[in-house]
Amino acid sequence: MKSISTRLVVGTSLVLSVFVILVALSVSWSVHERAKTARFDRLQGLVYGILGATDIASSNRLTVNAMALPDPRLAHSTSGLYAELVGSDGQRLWQSDSTASWLPETTVRPIGDWLFETVESDGRPPLHRLQLATAWQFDNGEELPFIVQVVDEADSLTRQLQRFDRTLWATLLASAAALLILQLVVLRQSLKPLRILGDEVAAIERGELDSLTEEVPGELYPMASGLNALIRSERERHAQYRHLLDDLAHSLKTPLSVLQNLARAEHRNGETIREQTRLMQASIDRYVQRANLRSPRYLAPMINVRPVIDRLAESLGKLYEHPDVRFNVQVDEDFQVRMDEADLFEVLGNVMENACKYGARNITVSQASDQRCLSICDDGPGFPDVELEQLVQRGVRADSQTPGTGMGLAVARQLMASYGGRLEPGHALGGGAQVSLWFV
Amino acid sequence: MRALLVEDESTLRRQLVSALREQGFAIDETGEGEEGLYLALNMPIDIAIIDLGLPGRDGLSLIKALRKQDKRYPVLILTARDRWQDKVDGLEAGADDYLTKPFHMEELLARTRALLRRTGGWTDSTMQFERLSIDTRAQQVTVDGRPIELTAYEYRVLVYLATQDGQVISKGTLLDHLYDEATDRDPNVLEVFIRRLRQKLDPDKSLNPIETLRGRGYRLALARQAPDTTAGPAEGNTANESSTAPSPADPARR
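Chains as they are written, first to last, in the numbering used here: chain S, 1 to 440; chain A, 1 to 254.
If you're looking for bench data, these hints aren't it; they were derived computationally from the structure. One should not assume that every hint holds.
Derived DSSO-like pairs (lysine-lysine); straight-line CA-CA distance at most 30 Å [as the list claims (entries may be wrong)]:
| id | chain 1 | residue 1 | chain 2 | residue 2 |
| --- | --- | --- | --- | --- |
| 1 | A | 171 | A | 68 |
| 2 | A | 171 | A | 71 |
| 3 | S | 2 | S | 192 |
| 4 | A | 71 | S | 318 |
| 5 | S | 318 | A | 68 |
| 6 | A | 205 | A | 171 |
| 7 | S | 318 | A | 64 |
DEER-style ranges, computed between Cβ atoms [unchecked claim]:
| id | chain 1 | residue 1 | chain 2 | residue 2 | range |
| --- | --- | --- | --- | --- | --- |
| 8 | S | 269 | A | 145 | 35 to 43 Å |
| 9 | S | 334 | A | 216 | 54 to 62 Å |
| 10 | S | 317 | A | 57 | 26 to 34 Å |
| 11 | A | 10 | S | 203 | 34 to 42 Å |
| 12 | S | 317 | A | 173 | 27 to 35 Å |
| 13 | A | 196 | S | 326 | 42 to 50 Å |
| 14 | A | 92 | S | 333 | 17 to 25 Å |
Don't be surprised by glycine CBs; every beta carbon is placed ideally from N, CA and C.
Excised from the complex, chain A in its bound form:
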């Protein structure tokens, strides 16, 4: 997953970058609005985290501009402006979620995961594909309930393919979404990862989770288990996901 981070306070940006990297994100970062827009339009971004008060071009106009260019990835506003009017302005500009400072990193990560799942049409923090299950909150992958030990890179490859709804993803695209820098991008390394991932997920060759389409790329070949839409309203929305972190909601109210 590739995240765009536009935040002008450099210390906070460093903290965010390191927390997001820990979660396996490739990151494009900047503290400046115009550069943010350039990255937003030209990089293969999966999710953007944008501050509102930016030098150069403010966050609202940045979001409007990238939406105008038909960029559909989820955008999370991270700002100190906590009034409802600002929230509504931000959401109307095209953002999908809104987090106010000061915030807890866990909350930010939870919201980010929730947004990415929502984009893929998942409402729960666990993605289920036949016998394969990916718990994005715990970063835990299981097959038939048996936990699989994956490296960070292997996990990233699997999650990215899982969120692409069975579409064929080229090696280049996959590399774009997994690595920060062009120097890391070696298609051979990717092939090695994929091979190892297949072995770990499917040691007895009965599941065949990842399909290779020669010359075109890879796709997750497992059928997706549709989430139970009759589940209670508390399931799968941001409030639920963020309930692990301190939430703006008051759990004592009801």
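Only chain S is shown next, with the shape it has when bound in the complex:
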């Protein structure tokens, strides 16, 4: 069972079914019992009535006064109610004017014993039969044992009971179905906050949301606020981790500078020291960069791109001071991406500096018709005629590269990829370089 709602639906349906079946069975049973008792009482009354109408005639023969019979149906030939008196030798002593469709055998039983049963025989309608073994006591103390038997065709009553049972089951099943549907609706409503919470968590993972809404039912509040706290602390921890790593890198770079400058004066091992410090620096850069690439996207906040571009353009104008270098920025003020600000600075800084570095004068940063794409075009000499893919492949083995050489684009591309975006180098219309950045 996967979901809570499946569990609840299956559980409640099971409980509801058992309940409905038990109710149906018990109601049906008690109604049947009640009918049986009523039938017995009626037939017993009839037996007493017949006994009351019975008298002894001459020659010790039993007679029944037809006028004193308790039920007029005994006088109707097709009423389905039939009575008889049978002697202990099995000989019929009296029988009613009415007839039954068939007659079960009488059995000899001890005096005073009641037998009430429903008898069935193949192909014949079921009968209710009440039989009493009794005896007529003469004044001289002699007894004449005989059996009173009343037979009632069960047809109509059975049909009634069957109809009742059918109605009972139908009603209960219908109400069970209605209850089940109601239950589903209630369930759906009750589980809605859970579903919303799930959707929000997914949205955070996709990077569309910063935090969960905390306006949830009381039971879910601890979970929602706990998750928010977790995300917050994870963000902080992540930032702290980056800062620590940066601090480590920074604290190593000053001694590296010292070593590098020592190598300048030192003649004998100067080249070795230079080479080793270069390797150390490359390692630091590589691992800091690699660690930074691990940041999960959902931990990054939404930031505006435009201010970053403007600030970089301003700074690059200062670094590459030349009256002819102009930045033309055509990016919406409200264009936002989910990225760590430092990483966005790194991507755009590397790409924009690349354009400045190689002699472009007009650099255009524009938002493509696709809203999630920025392209940086320049009017410089453009990329060389090598596979464009090679330009961004460098830096994969940073340790085999001279630090700082041509890694800008590769670093930018890796950063973009770590946020689910991509970077594509290309040629601008006027022959310059073009770099397209696709954000998610």
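Add chain A to chain S, keeping to what the hints say.
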């Protein structure tokens, strides 16, 4: 030229001081932010090289503070923080250039020279005044293409006057920008230097490069040859100057 150096790592600072002295800079140095600010505001600084992570007062706030006090000399940030965000923060605080550690001393010196030239409005590493030409990269002075042998002090005096755009510089100011310590400052010695400089640059008295304004000071009297502004974009910017040293640019890219 007088440089302010604020760097808290003492070995690196010593290396920087000796390299800058070699280039003829007078130096004010400290490893502490507050003292750095005091020097920045009170010494006749021509260029400042400032580390960002400093005890006392961090580099960014130091730069902001000195800019707020209307100090206009160029500031170079020398730091291990190599992320663009840090660079932008530094440049927005008022720095003019940004160099990340580990660095090559040649690169630092080249950037320093470039910044000083930029302040004087020069875009090329060679300053041209009529027949006089000063190549700051090679520290070579020529008149009519003929190389002139100058001592370090003579060269410093000439370069300082050359970057002041024909303004009159008092003896005191000149001494301030040329010497580390007050003890070295003897106006008579300066007069001797100036006299010798004139003789070397202008043995036949036809050029008359340095003018003495009695009671006020000296000035470079030669007309400046305006740099050719139509020159290619690669000329005269930091990237060009630093191309002698290993550069962050990838020369193989294009």
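ask   = Can you name, in rising order, the numbers of the hints this structure does not satisfy?
value = Violated hint: only 11; rest satisfied.
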